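With the hints as constraints, model all of the structure from the sequences given.
2 protein chains.
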Amino acid sequence: MKGELKIYNSLTRQKEVFVPQNPPHVGMYVCGPTVYSDAHLGNCRTFMFFDVVYRYLKHLGYKVRYVRNITDVGHLEDELAGEGEDKIAKKARLEQLEPMEIVQNYTNGFRHVMRQMNTIPPSIEPTATGHILEQIELVQKIIDAGYGYESNGSIYFDVLKYAEKYPYGELSGKVLEDLQNNSRELSGQGEKRNPVDFSIWKKASPEHIMRWNSPWGEGFPGWHLECTVMSTKYLGETFDIHGGGMDLQFPHHECEIAQSVAGIGCVPVKYWIHTNMLTVEGKKMSKSLGNSFLPHELFAGSHPSLEQGYSPMTVRFFFLQAHYRSTVDFSNEALKAAEKGYKRLMNAQSLLSKLNYTNVGTVDVELDNQINEACENCYKHIDDDFNTAMTLADLFELSNKINAFSNKQLPLASISEATFNRLQTTFHAFVTDVLGLKDEASDNSNDGLMDGVMDLLLNIRKEARANKDWATSDKIRDELKEIGLLVKDSKEGSSWSVL
Amino acid sequence: MKGELKIYNSLTRQKEVFVPQNPPHVGMYVCGPTVYSDAHLGNCRTFMFFDVVYRYLKHLGYKVRYVRNITDVGHLEDELAGEGEDKIAKKARLEQLEPMEIVQNYTNGFRHVMRQMNTIPPSIEPTATGHILEQIELVQKIIDAGYGYESNGSIYFDVLKYAEKYPYGELSGKVLEDLQNNSRELSGQGEKRNPVDFSIWKKASPEHIMRWNSPWGEGFPGWHLECTVMSTKYLGETFDIHGGGMDLQFPHHECEIAQSVAGIGCVPVKYWIHTNMLTVEGKKMSKSLGNSFLPHELFAGSHPSLEQGYSPMTVRFFFLQAHYRSTVDFSNEALKAAEKGYKRLMNAQSLLSKLNYTNVGTVDVELDNQINEACENCYKHIDDDFNTAMTLADLFELSNKINAFSNKQLPLASISEATFNRLQTTFHAFVTDVLGLKDEASDNSNDGLMDGVMDLLLNIRKEARANKDWATSDKIRDELKEIGLLVKDSKEGSSWSVL
Numbered sequence: 017m018k019g020e021l022k023i024y025n026s027l028t029r030q031k032e033v034f035v036p037q038n039p040p041h042v043g044m045y046v047c048g049p050t051v052y053s054d055a056h057l058g059n060c061r062t063f064m065f066f067d068v069v070y071r072y073l074k075h076l077g078y079k080v081r082y083v084r085n086i087t088d089v090g091h092l093e094d095e096l097a098g099e100g101e102d103k104i105a106k107k108a109r110l111e112q113l114e115p116m117e118i119v120q121n122y123t124n125g126f127r128h129v130m131r132q133m134n135t136i137p138p139s140i141e142p143t144a145t146g147h148i149l150e151q152i153e154l155v156q157k158i159i160d161a162g163y164g165y166e167s168n169g170s171i172y173f174d175v176l177k178y179a180e181k182y183p184y185g186e187l188s189g190k191v192l193e194d195l196q197n198n199s200r201e202l203s204g205q206g207e208k209r210n211p212v213d214f215s216i217w218k219k220a221s222p223e224h225i226m227r228w229n230s231p232w233g234e235g236f237p238g239w240h241l242e243c244t245v246m247s248t249k250y251l252g253e254t255f256d257i258h259g260g261g262m263d264l265q266f267p268h269h270e271c272e273i274a275q276s277v278a279g280i281g282c283v284p285v286k287y288w289i290h291t292n293m294l295t296v297e298g299k300k301m302s303k304s305l306g307n308s309f310l311p312h313e314l315f316a317g318s319h320p321s322l323e324q325g326y327s328p329m330t331v332r333f334f335f336l337q338a339h340y341r342s343t344v345d346f347s348n349e350a351l352k353a354a355e356k357g358y359k360r361l362m363n364a365q366s367l368l369s370k371l372n373y374t375n376v377g378t379v380d381v382e383l384d385n386q387i388n389e390a391c392e393n394c395y396k397h398i399d400d401d402f403n404t405a406m407t408l409a410d411l412f413e414l415s416n417k418i419n420a421f422s423n424k425q426l427p428l429a430s431i432s433e434a435t436f437n438r439l440q441t442t443f444h445a446f447v448t449d450v451l452g453l454k455d456e457a458s459d460n461s462n463d464g465l466m467d468g469v470m471d472l473l474l475n476i477r478k479e480a481r482a483n484k485d486w487a488t489s490d491k492i493r494d495e496l497k498e499i500g501l502l503v504k505d506s507k508e509g510s511s512w513s514v515l
Numbered sequence: 017m018k019g020e021l022k023i024y025n026s027l028t029r030q031k032e033v034f035v036p037q038n039p040p041h042v043g044m045y046v047c048g049p050t051v052y053s054d055a056h057l058g059n060c061r062t063f064m065f066f067d068v069v070y071r072y073l074k075h076l077g078y079k080v081r082y083v084r085n086i087t088d089v090g091h092l093e094d095e096l097a098g099e100g101e102d103k104i105a106k107k108a109r110l111e112q113l114e115p116m117e118i119v120q121n122y123t124n125g126f127r128h129v130m131r132q133m134n135t136i137p138p139s140i141e142p143t144a145t146g147h148i149l150e151q152i153e154l155v156q157k158i159i160d161a162g163y164g165y166e167s168n169g170s171i172y173f174d175v176l177k178y179a180e181k182y183p184y185g186e187l188s189g190k191v192l193e194d195l196q197n198n199s200r201e202l203s204g205q206g207e208k209r210n211p212v213d214f215s216i217w218k219k220a221s222p223e224h225i226m227r228w229n230s231p232w233g234e235g236f237p238g239w240h241l242e243c244t245v246m247s248t249k250y251l252g253e254t255f256d257i258h259g260g261g262m263d264l265q266f267p268h269h270e271c272e273i274a275q276s277v278a279g280i281g282c283v284p285v286k287y288w289i290h291t292n293m294l295t296v297e298g299k300k301m302s303k304s305l306g307n308s309f310l311p312h313e314l315f316a317g318s319h320p321s322l323e324q325g326y327s328p329m330t331v332r333f334f335f336l337q338a339h340y341r342s343t344v345d346f347s348n349e350a351l352k353a354a355e356k357g358y359k360r361l362m363n364a365q366s367l368l369s370k371l372n373y374t375n376v377g378t379v380d381v382e383l384d385n386q387i388n389e390a391c392e393n394c395y396k397h398i399d400d401d402f403n404t405a406m407t408l409a410d411l412f413e414l415s416n417k418i419n420a421f422s423n424k425q426l427p428l429a430s431i432s433e434a435t436f437n438r439l440q441t442t443f444h445a446f447v448t449d450v451l452g453l454k455d456e457a458s459d460n461s462n463d464g465l466m467d468g469v470m471d472l473l474l475n476i477r478k479e480a481r482a483n484k485d486w487a488t489s490d491k492i493r494d495e496l497k498e499i500g501l502l503v504k505d506s507k508e509g510s511s512w513s514v515l
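Those sequence lines, one after another, are chains A and B.
Residue numbering for the first sequence follows the numbering used here, beginning at 17 and increasing consecutively.
Residue numbering for the second sequence follows the numbering used here, beginning at 17 and increasing consecutively.
A couple of the hints might just be wrong.
Only some residues are given here: those of chain B computed to face chain A with a beta carbon under 8 Å [unchecked claim]: (1) P137; (2) Y250; (3) V283; (4) G468; (5) L472; (6) L474; (7) D494; (8) L496.
For the record, the hints were derived by calculation from the structure and aren't laboratory data.
All figures in this text were calculated on a predicted structure; none of them were measured in a lab.
Even glycine gets a Cβ: it sits at the ideal position worked out from N, Cα and C.
Here is the structure:
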């Protein structure tokens with residue numbers, strides 16, 4: 017174990033030293049995607065971040081059981097009120113498919129994007145439909161404990177009764193009175209004793225496709241229930257870390273706490289971690305603003321608001337440049353800068369692997385100290401609530417030194433062998449193991465070649481333009497377009513992207 | 017719809033014309049892997065074959081719902097007797113992991129191999145643990161119908177009682193009397209009324225980790241039950257095609273039939289398809305003979321009995337060269353021959369895409385007929401119980417013609433334009449869409465583009481040479497060499513390859 021890892025706990029609203037319940041084991045649960053549409057970039061950021069948490073905990077020597085679920089039922093259109101149509105069943109109805117075909121299709125797509133982003137698969141990836149029996153059992157326990165009531169075939173959680181004994185709203189900072197005043201009156205609300213109550217089991221209407229038998233008739237579990245069931249089934253009644261996007265704090269995570277306390281008799285989670293949202297040029301990503309693009313569109317540059325494609329590793333680097341509790345703002349400028357930064361880092365890593373240390377000179381103590389300090393800072397900063405932005409800055413400081421060693425501005429022998437070894441170990445550990453950045457250029461042989469060939473081709477075109485040989489210049493642009501490659505000319509020169 | 021597809025139905029032991037119940041819909045269920053160890057090559061062959069079935073049915077215009085399950089519980093060590101320890105729970109105990117971690121790990125590995133083999137993911141990939149509730153319900157139905165009995169907390173299927181009314185052994189050709197005589201006496205057999213009975217619900221012993229509540233106490237479903245539940249849930253009580261390896265005919269598929277007939281009241285499947293086994297140099301693949309290698313070992317050549325690595329597409333081609341009802345025998349000679357054959361086919365496909373038809377000559381009727389006949393034969397042979405071996409032979413006949421057109425031995429204009437179009441369409445459809453062979457040499461997205469870009473670049477160089485602009489010509493050659501690409505000049509023009 018290196019330093020002392022501190023995590024900002026959303027529950028206590030302060031940074032706390034991370035002390036697992038049962039070291040060296042760590043249990044971590046992250047709310048996964050609802051698979052009724054393509055994975056969106058906010059999800060990607062969240063899962064990429066928890067991938068770094070997973071990687072860093074493993075790097076520290078912990079044995080981590082990382083559970084990330086797939087929500088394949090029970091996510092209603094109007095979350096807050098717990099009403100509306102099941103999102104997956106609705107998509108199935110619209111596309112005339114079996115709901116599980118929708119689920120399979122988008123789950124495959126989600127896993128594909130996760131692979132592209134180089135995230136490590138979780139230890140267990142359980143599904144909501146895979147745990148119906150356990151969910152029915154928990155509903156029964158909540159009823160038995162007096163916090164659940166049946167109404168017209170559905171079971172609701174009695175929030176007011178719960179709040180008499182336990183704090184409700186502690187995680188999200190919501191005040192029950194405000195919630196009651198702000199509750200909208202919606203169809204089916206009449207079934208609830210109080211508008212703030214939430215469904216833990218919903219009666220299936222006759223046209224509802226996804227349905228299971230239960231002691232209360234045919235229905236399906238409420239969305240919040242699955243996470244309580246799956247997290248505690250695989251990680252124990254109280255576990256170390258629970259994560260998700262900030263938008264899940266309320267009602268989802270608040271309800272999870274209530275369900276665990278009421279039905280299992282335990283506060284479920286020690287450290288709650290929430291990631292912040294994405295914006296595009298300062299605005300919320302939304303379809304109506306036309307600034308919403310999907311991962312594959314971002315990678316290919318196939319959206320009007322994108323000037324080019326940004327590779328999965330560029331996007332990963334881009335996310336890492338912000339602290340997870342800050343918003344991340346997409347812009348072409350920021351993404352281009354990230355692309356450069358990512359390539360600089362990969363270049364430094366490649367140069368580092370080629371350096372051969374020979375112990376011949378006098379050690380420059382100041383330089384030696386600088387490198388050791390930057391190595392220490394990598395740990396110090398990631399230990400400070402996973403500050404990947406600062407860790408990247410440390411890695412860039414090390415990159416500058418590596419470049420200087422490589423082009424002989426600095427003699428490599430002016431640092432001690434121990435320091436050189438530490439530089440190699442730390443740099444590699446952070447770039448590859450912890451931050452999960454891989455070299456795309458050497459990833460598949462031909463991509464690197466493609467870049468080289470295109471550079472050559474664009475150079476020939478540049479010369480043709482310099483010679484006012486517009487025929488050749490246009491021919492190259494036009495034929496590339498025919499192949500499916502777009503050449504863009506700008507003041508800085510020409511670039512290309514896949515159409 | 018092209019011709020008339022005939023399928024050898026294991027149940028009737030004859031080839032039958034394929035008539036789906038509810039065209040254009042086709043339901044197909046294939047028994048998937050038990051995920052307690054790495055996918056083995058026998059599985060790969062089976063799933064690769066059903067991938068061809070899936071692809072061909074889609075090519076014919078059917079809307080196929082293809083369900084392939086993941087067995088993540090209930091597969092006991094001694095299948096025949098239905099006794100022993102659950103394979104996944106045992107592995108978990110040995111590796112000190114949560115069973116679902118084992119499941120996740122080997123499921124990920126299985127999916128990876130399936131991607132390498134270029135199989136299309138099934139429409140739905142349901143898990144046994146995801147359908148416990150439905151399995152409990154089916155057990156209850158079987159009990160209610162009088163064909164299931166409880167014994168010491170487990171539920172058994174009463175085979176003798178079933179056989180009084182329905183045929184048992186029809187699929188596998190087993191005779192009940194022989195089965196009774198051959199039954200071994202094993203621990204726990206005492207619970208059964210008769211040794212031929214099989215468990216549909218097993219009581220969990222105290223140390224058993226994977227367990228669920230049921231009306232009969234804590235336990236887990238019998239292995240055969242999951243497939244009955246999942247196939248009928250997603251495909252209906254009677255569906256078109258059920259497939260699997262030949263080793264599953266008995267007891268697994270025989271028991272599925274009995275469960276459906278007894279519990280649901282329907283014969284479940286119209287066409288049963290079973291794939292044959294693998295051998296290595298004429299012997300059964302087995303660990304004790306030291307001739308057992310895993311897919312990744314075969315691809316990498318990292319096993320003593322392999323002289324080299326054979327790429328996933330070579331292996332796919334190799335499997336396709338045998339009819340699915342024949343055994344496939346691995347040997348280095350046969351695999352090397354497959355590698356050559358695969359490359360020949362890919363080469364022909366590449367040449368075909370470069371042929372430009374111009375309608376200038378007189379049609380050579382005999383040649384024209386030969387090509388049309390070979391195109392027809394592709395359909396004729398795959399329609400004949402998926403005879404991929406014969407279809408490959410047809411594609412090779414077409415390849416010979418393509419080669420002759422390409423090197424001008426035969427003038428392309430000696431066939432009609434309609435025939436040329438048919439050649440292109442049929443060749444591409446069978447190689448790529450139906451047999452699922454892809455060009456590994458140009459595997460990455462950029463590789464298709466790479467060909468185009470290199471064509472353009474070599475054209476520019478050709479022009480430069482024509483203009484005696486040796487500086488540009490040499491520059492292109494030299495810079496490509498620096499990138500790692502070799503340009504070769506010959507009488508026919510220039511070509512390139514990776515250094």
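Self-check item: Restraint outcome when L474 of chain B is required to lie within 8 Å of chain A by C-beta distance
Solution: violated (11 Å)
Quiz item: Any CB of chain A closer than 8 Å to the CB of Y250 of chain B?
Solution: holds (6 Å)
Quiz item: Is the shortest C-beta separation between G468 of chain B and chain A less than 8 Å?
Solution: Result: holds, 4 Å to nearest chain A Cβ.
Quiz item: Per the CB criterion, is P137 of chain B less than 8 Å away from chain A?
Solution: holds (5 Å)
Exercise. Mind checking the CB of L496 of chain B against every CB in chain A and telling me if the closest is under 8 Å?
Key: This hint holds: L496 of chain B lies near chain A, its Cβ roughly 7 Å from the closest one there, short of 8 Å.
Quiz item: Minimum Cβ distance from L472 of chain B to chain A below 8 Å?
Solution: holds (5 Å)
Quiz item: Would the stated hint for V283 of chain B survive a check requiring a Cβ distance to chain A of less than 8 Å?
Solution: It is violated, given that the least Cβ distance between V283 of chain B and chain A is near 22 Å, above 8 Å.
Practice problem: Tell me if D494 of chain B is really an interface residue toward chain A, meaning its C-beta lies closer than 8 Å to one of theirs. | Solution: Nearest chain A Cβ about 10 Å off; hint violated.
Hints 3, 6 and 7, counting from the list given before, are not met by this structure.
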